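So the chains spell out like this:
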Amino acid sequence: MDITPAFSPDWLRLDPAEETARICERLRAQLLSPLHRRGLVLGVSGGVDSAVTAALAVRAIGGKRVFALSMPERHSDPDTMRLSALVADRLGLSCHLEEITGILEAAGFYRRYDEAVRRVIPEYGDGWSSKLVVDARSENTGFQLFALVARHPDGDLLQKQLPLQAYLEIVAATNFKQRIRKMLEYYHADRLNYAVAGTPNRLEFDQGFFVKGGDGLADVKPIAHLYKSQVYQLASYLEVPDEIINRPPTTDTYSLAQGQDEFYFALPLAQLDLCLYGKNHSVPAAAVAAAAALSPERVEQVYREIDSRRKGTRYLHQHPLLAAQVPEIAADQITVQHLPAVAGSAIHRPE
Amino acid sequence: MEQMRTRVRSFIVDTFLFGDGSDLEDATSFLELGIVDSMGILELINFLESDFGLVIHEEDLVPENFDSIDQVLAFVARKGGAYKTKSAAG
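Taken in order, these protein sequences are the chains called D and E. Quick note: the first sequence uses our numbering, first residue 1355, plus one each step. Quick note: the second sequence uses our numbering, first residue 1230, plus one each step.
Okay, chain E solo, but in the shape it has when bound (with noise of 0.2 Å):
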């Protein structure tokens, strides 16, 4: 479970924020952040679903999935998702 909070959070501070994360707590709204947009629900999602082998469907899609460090890991564990290594990954 830390080597998934540890990969959610690199990818949004390298994602969203160019590499600062200071402000950024597992339970800070990346909404209220305003780091996340339709875009970046993209992004979010092209990520979980290659990184975390998740299919993600038209039901998951609810900004309370996806709205902060601490959710995201809640959603990824309730779909069973399991981060992927490198090697894992291809």
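For reference, chain D alone in the conformation it holds in the complex (with noise of 0.2 Å):
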């Protein structure tokens, strides 16, 4: 008779408490070493992960050693200012404003991103909105294609392919805003002698979800082993503000509102949770498909897509590769012998 309890969403139920204290404790020595830095630098955004990963550094280390920076510009969602400020009072942190707008105008961000819209859209300009979307082309493909959706001022939408020179320079242009985000991060952590706090879960660690240089820059990333589901648990048990608790996820980087899922992840974020961690744990597709609402043959094409994301996205992950050895300053050694034999030791598989 088989006793292997049937999986479903407990399997990722974690002790929130439990795992609370471990990643403060990390956080701890991880600032006294390597660091040797006296706090910590993020950004809030009004989304779950930063909630999170803001509420967790407040406790590791104090509110008084924790710099909240809200950076909005021109196409930011409004709801991120007020939902950071949210945040910042429910942790006792005053939330610093740094308005990246003039930045970006500075660094041509608007007009390199609207002149690459052109090469699909020729009358794109003022008062148009647009967003990346996952390409209804890429399902069942294999490959995944882009296209772009914009809103002309009078409201209507209309969605187009992209060729791989708009795509690039779309993309690129967009990755001013994470760049210079962490730019801005990184001044007050230098001025502060602060580390600078990365808040990605383990979805878009592992999936490549993140501009290198931009958000994937960070001295520690503390929920980044954390399931989407578990970074849920966490704010829960963190008291994190039901209105961001509920809040569908989304990128806030295009002028037109756009989810995750619709981006890059082009599946539900519970149900991709599901999926990366019955493949992490070699779950068969049948029984995630049960607990997922997938088919079997979905979900092993979800478990293709995540390899092909992984391989895809590995060189982010990269130091600088050198053509040659430097023994005497061994990068894999510094950041890896800090780690704990077991990461995520505090999940908990229903008996």
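Taking lysine to aspartate or glutamate and the EDC-like style, the derived pairs with C-alpha atoms no more than 20 Å apart in a straight line are:
1. D/Lys1514 with E/Glu1287
2. D/Lys1514 with E/Glu1288
3. D/Lys1514 with E/Glu1278
4. D/Lys1514 with E/Asp1289
5. D/Lys1665 with E/Glu1261
6. D/Lys1514 with E/Glu1272
7. D/Lys1665 with E/Glu1272
8. D/Lys1566 with E/Asp1266
9. D/Lys1665 with E/Asp1266
10. D/Lys1665 with E/Asp1296
Hint data in this document are derived by calculation from the structure and do not stem from the laboratory. Being a predicted model, the structure only gives us computed values, none of them experimental.
If you follow the hints, you should be able to join the two separate chains into one complex; please do so.
Now the structure itself:
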């Protein structure tokens, strides 16, 4: 008789108190060595990941040593600033505002972005808004292709397939946002002698959903080992405001509102969470399919897509590659030797 | 056909292999060689549309059409593509 419990979201349940204590202990230890910094800077976006990271930072080292930054720009969701302030208020932090529209203008972002979009929509300009979405052509192909959705000033939506050059130029321009935000985080970290906390969850970290030198750059990434549903578990435990917990994950990167699951993951995050966990723990696709309300074939396809994205984004995680060893500076040892032997050890499967 | 084969091979070698096609045979899987990812597919589509006059549709986007020189040539032949000489391509 098979007494193995059926795979379910419960397999991703953790002990939030235990996990919080473990992360906070790691953060304190990491700041002491190897970082030797006196506090943490982090950008808050009004999303659950940055809210949980901020709450963990405050628990670990106290609010006086946490510097929260809100960095909206012309295209940001108006909720970004309000919700960032809400998080800071709940945590007893002051939230420092750095409006980045001026820097983006000086870098030519808005001009470059509009020029790239005009490759596919020549009339694109003032009053329009747009976003990237996963092209429907990608489904069942094993490739990920993108389309541009644009809204005409009169409200009409249109969608265009993106040829290579337009896609590359749009992404390259948009990456200014993450890199400028990170530049400001490091400015404040340098002047305060603090370290920078990154806020990726496991889905983003594993699948390369970040900008190298932008939101991918940080000194610590306290929740990068946590599946999205586990981030929500910590959010509840850490009393993150419900409005933030209930807010659908967005990229807050494009002028037209864009969900993470329509741009990058192509699957609702709750389902992808189960698929990624299932794949990482060799759970048969059929078992994951039942829990995630997907067909086994779709789960197998998601497993392949996970591998494909890992492969395609591996370079984002890499240190600069050298032409020969410099044994006196062993970069890998610096980062790896301080990790615990088993990450996510507070995860409990149901008996 | 040989001219098309030479052109496709030349594109693959120049674009993805930095000019070293010593390990690339006509049946070599691009996927197994690790040279064509999503970005590579876009580059390949761009090349086929511009140099062979193809219009590639959603239903064409299956790995079987793009995973080797042989498969690309078979796909171009099925689609009725013809290599545009430099003068014809403008």
